[in-house]
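K.L.:
Protein chains in written order, with this note's numbering: chain E, 1 to 251; chain Z, 252 to 594; chain X, 595 to 1052; chain B, 1053 to 1479.
Source of the hints: derived by calculation from the structure; they are not laboratory data.
Honestly, I wouldn't trust all of these hints.
[What the hints assert, rightly or not] What follows is a set of in silico ranges between Cβ atoms, one per label pair, in the way DEER data are often shown:
# : chain 1 : residue 1 : chain 2 : residue 2 : range
1 : E       : Ser-150   : B       : Leu-1438  : 54 to 62 Å
2 : Z       : Arg-380   : E       : Ser-148   : 17 to 25 Å
3 : B       : Thr-1359  : X       : Pro-1038  : 32 to 40 Å
4 : Z       : Ile-259   : B       : Thr-1359  : 30 to 38 Å
5 : B       : Thr-1359  : X       : Lys-886   : 36 to 44 Å
6 : B       : Tyr-1264  : X       : Ala-823   : 56 to 64 Å
7 : Z       : Trp-349   : B       : Phe-1116  : 48 to 56 Å
8 : X       : Lys-1010  : Z       : Asp-341   : 18 to 26 Å
9 : X       : Gly-908   : Z       : Ala-456   : 44 to 52 Å
No residue lacks a Cβ here, since even glycine has one placed at the ideal position from N, Cα and C.
Residue-level listing of the chains:
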Amino acid sequence: MGILEVKNVGKRFGGLKALDNVNLSVQENTVHAIIGPNGAGKSTLLNCLIGKLIPDTGSVMFDGQSVLGRKPHEINQMGISRVFQTPEIFGDLTVFENVMIPIFARRDGAFALHAFKQVMNDRDIRERTEAMLADVNMLDKRDAHAASLSRGDKRRLEMAMCLSQQPKLLLLDEPTAGMARADTNNTIDLLKEIKAKRDITMCIIEHDMHVVFSLAERITVLAQGTPLVEDVPDNIKGHPKVREAYLGTAH
Amino acid sequence: MDALILQILNGLDKGSAYALIALGLTLIFGTLGVVNFAHGALFMLGAFCAVTLNRILTLSHTVVDESRTDFLGNPMKVDVPYLFDIVGPDTGAKLIEWSVPLSILFAIPVMILIGVVMERGLIKHFYKRPHADQILVTFGLAIVLQEVVKYFYGANPIPTPAPSAFSGSFDFGVLLGFDPYVIIYPYWRLVYFAFAMVVIAAVFAFLQFSTFGMVVRAGMADRETVGLLGINIDRRFTIMFGIAAAVAGLAGVMYTPINPPNYHMGMDFLVLSFVVVVVGGMGSLPGAVLAGFLLGILESLASMGWVIDLIPGINQIIIYLVAIVVLLTRPRGLMGRKGVMED
Amino acid sequence: MTKSNFTRRGLLKTGTAAGAGLAMPTIFTSKVWGAAHTGFTNAPQGDTVTLGFNVPQSGPYADEGADELRAFQLAVEHLNGEGDGGMMQTFSSKTLEGNGIMGKKVQFVSGDTQTKSDAARASAKSMIEKDGAIMISGGSSSGVAVAVQALCQEAGIIFMAGLTHANDTTGKDKKANGFRHFFNSYMSGAALAPILAKEYGKDRKAYHLTADYNWGYTTEQAIRESTEALGWETVNSVLTPLTQTDFSSYIAPVLNSGADVLVLNHYGGNMVNSLTNAVQFGLREATANGKKFEIVVPLYSELMARGAGKNIAGILGSQNWDWKLENEKGARYTGTNAFVKSFGEKYGFPPSQAAHTCYVQTLLYADAVNRAGSFNPCAVVEALEGFEFDGMGNGPTLYRAEDHQCFKDVVVVRGKENPENEFDLVEIVEVTPVDQVTYPPDHPQFAGGALGECNPGA
Amino acid sequence: MTDHTTDPRTAASARPATASHATETAFLGLGPKDFRLLLIVIALTMLAPFLLNPFPAGSELAQFNAGYPDLMQRFVIFGIFAIGFNILFGLTGYLSFGHAAFLGVGSYAAIWMMKLLTMNVIPAIVLSVIVAGIFALLVGFISLRRSGIYFSILTLAFAQMSYALAYSVLTPITGGETGLQAKINDPRILDPGAGQSLGRANLFGLEMGSSYNLQIGDWSFTFNAGYYLAAIVMLVGFYLAIRLFRSPFGMMLRAVKSNQQRMNYTGLNSRPYTLAAFVISGMYAGLAGGLMVAMDTQVGPERMFWTASGEVVLMTILGGAGTLIGPVLGAGMIKYMENIVSKINDNILHQWFSFLPDGLEDALVAIVYPFIGKGWNLTLGIVFMLVVIFLPGGLVQGGQKVARLFRRNNRKGGGAESEAAKKQPAE
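The shape of chain E in the complex, shown without the other chains (with noise of 0.2 Å):
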């Protein structure tokens, strides 16, 4: 029983089947992607996944619980934290502020009216926030505004954010989108650093082959809207489906 389980899901606009009985497990511990070519549902999935849509058939079920119909916040403190194409920080926070947050929000729940306490007093929130930015090398620009960062930094930032809750699932929704090739490099040679200090679950949805092929542990294939193979990448490179799927279409 893997911890996310996608069950038959199905989902239309109008006459548009965007997704057609998709089944999908990821397993705790691994790195698992899904791919596809534009247009093949990545996105519809992925919607499903975090809430925003209802699929018309099926469930999706996260740690035994299911997530459709959740709003973000409720989806994130079950247990999943969520990486955007373009870094989603707090610009006009510091940096160690932008850490705070997270590890408030998964102490003390969705809302607390901690309106008279001293942020700076919380010393339990304060070394879990040193910590996990020393974790990632950012400490020396704790007291920067986020805004200010170079995009590499954002990215390292926001990764941050997502693991100091600890997720059981961490979701990178094509985390190198519109990067050049070095900073693709450098996101990957993140992930990796990240994947290998500690187990965690991830699920990047990505079209980037190469950013496949360098972390993921277990493939998922999604084309018009269905699953077409789910395998370790070795058996992906060159599985002649697949390379229908992308030569099929105006690639």
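Since the structure of chain E is provided, determine the placement of chains Z, X and B on it from the hints.
P.N.:
Coordinates of chains Z, X and B only, in the frame set by chain E:
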């Protein structure tokens, strides 16, 4: 039934004023992303274009009339407009009487100029500033503009009647088979409605069919991309600001015979026009027009005697009540686009 | 131009010169100024006295406020012996000699009410607390008058109301320290009704449009009661929001309602717009029930008439005073010409009724102080209560002790068909004598208030 | 578990701390910087009677003195209003255009308390906060379903409805146009003297209107009981606002403003945060309204008109939204213009320039005249524009920028010093 028809006519008329002001406001919102609190002041300036033209036409020299005396018992001084000396008293009097329609010609260049100067001189520097700064600077500008008008024209309303050809009312009731006097409507208000329709149609046609309009519409949707295509969107936006100012100004010019203009009439309309724009939906021109007419008609219906008896005070709050209901049922107003002014 | 209006603190300097250089703490129980020494607030020290003129300088009534301020300046000049003395020559009481008030030179401070009660009170308070004003006057709406009157009662200052027409000012909100020279809604009704009946007949059906606030309510009530007593019928009455600018939706149904008279219980911008709209809809040319349709505006003002332009032609209304009164109605209204002359010579146009009231109120206050021989508000109240006077342009007048309301003739006017200039927009139809507009102090339209005790502030 | 790999640098984090990560607290749970600010504000408010009356009473500049009770009270009361507004707008970025409604509702609650119960201001103020809080909960619950300008218009609509109804239909409760005042015949069931004389607002017998007057030479200073009560309330409000700014809650509110999407995907529910901020800020407004009644027992509906809501927006932006002290400065500036500039008339101008030759005097008066007295609005409008053009971010942020500019110029001169200074993180 007759009462309903009458109030719908009233609503269309009120709605045309709301729609015209909101149209300019939403152009500025949509194209420039600027919260323009000085838009009401532009409406007011338009109205005072009409007053000013009237003042210019009636510029006078005094002639002492020995046969009459003034209130202190001195010989009466009589003002004779220079215009009478130039074109003769009859033509002169006609010109003065027609000063409001004539003001349209006067107001268009003046208002475009005011708009362009405002945009180049001030607003331009605030595109990248937070909305809070835009509010403060445009509010400050609105106060300054209205105080300047107050300084020259006083605080009292100034009567600016329509030409006598338009005074009186048209009897719709007779046309529809009702008794006389049941559904009458003033000619000038019909003129206003028709005028508003023409201006709205012109603005839409311009945006829809000219290449200029196409670029601006594209710019409204995605400013950066259009900028990247090498099109000088900034200059076009300046012109758009001028057009928005002219639309507000024309609404003001034609409004003067309906209600005598005063220096704070812009503030009276400011809040209302924001409500109209938002109910219509941010960034949507048809939305602004639709909401203008909708609110105008509902306001008129709510002012009927039996409605007030049924729900006391409904005429006081109807517009705001409608705004709340619309915004709660349609998150982005009637026809709003996603992501415009939502943060 | 007077250059001598130093603020009162200038004199404090001399007053406290003895203690100069030393810290001289003094403790007062309630108010700051002078209370411990004299028993009342802001007792004038030195040889000047400060009056506070609180008028609208921004907002819709700014022009009316400007006219009030002109009258105040004129009154101060006259009190100080400058200019021609204006009404001081005709005033029946002869204590004013052009040497200020009780020999103290008069100076004034001015402020902006914005026609908002909060702003008006803030402005009045600054006059009391900062400038040491002993009397506050002015204002152009009843909301402001009631608010400032209540403040003056608390502070122990005399309030000489400016333009305020609602019954409440000397009715349910009356105060011992407050006095109103201007007439009120009841008087408008009582003065207008007989003339309306005479001009338009006793069989009329009236439709009221009423501004949806206190003044509107009392005016509608007054007109209704007076006209219904003479046989008129009220068909309908509709409340209109204060913030309304376009009255078309309220005017449009009038012609089809069976009414043949429209009463506009509106003032200021409301009145200008509603009247303009009514004329647009052709109400002036219409006939109903076989009669010519008529419009009535209970409270007239020159500035509103100017705003409405030609539309006021032929419309009846009431006024507190008009500058043509003495010329047209004779010597009973003596004082009018004297005032119009000094005002007209100084400013170049005739004064409005708001200016007249403010001028008269200032003189009446000064005279009351002189007669009382004291600036103590309680002494002034005593001097003004029941005071009968003449020569102030309204004919014989009584300041009634029970409610501090002036009783005098009321002018019924009509908009001129062909005005010669923008200051000559109305013609006097008739003057309703004072006994026809007098009511008992316990009249139900004025119920619910109590003057209370005069408050000297200490 | 992964967070055992503590970086050695963490342990040595005893470097000079900026407020954001001060580990030590100076006093009252505040960091040293905030505590210093609080001390400055305390000093300014307590010494206001001196500071606002810098000119001798008789001098021509005495016109500019603002140290009389009513205006000092207004400064602190509108300061409270703006501090509260800033908690919502400055932190979350939600621009409420109807905050005056809460001030008005608080005022009505307070005056009714005084009419029915007692002229002691405590119950009035307490009730005004509670009622305004409840009303804010109601309005916020509905309005916060939308964001951006849609939210602004919803709050505006609620406030305008409150105003319109208070002016007309609700006249029996609100007194309509003429508002509500304390009357002799109020029941005031807890007051012994009720029914015989007009009650005065007091704090256990200490009348709000009572003052102590100090003459020092030509100067005169007024110490007013009501002002000091309002000032102490404002200081408490200010202190609580600092605590709130520095609390996890305050941080979350800034997170709402910065990136609501990230916030939600971080497991935080932004709605209760914004609603709590809205209610707290509404309670500050109610407190201001209650204090207004305590200082001056009168309420009118125009207190709720949209221009009053707009005024607090302008105060906050003028001073600097999101800064601690900015809104208070903005409030002071606008109230100063309204009450001081509007009272300068042409007589006073002539008096000022009377030392000049007549022609020059008249010319100068003619130039200045449009900007004072009835032209005070013009001056206000010009000040708005100048501030926003030349001091972006309001008085405080603009002032900081100017100060930094000066510092930088100074450093250019002092070589070694500038090296050291560069290492300091910019605040």
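K.L.:
Hints numbered earlier in the text: which of these fail when held up against the supplied structure?
P.N.:
1
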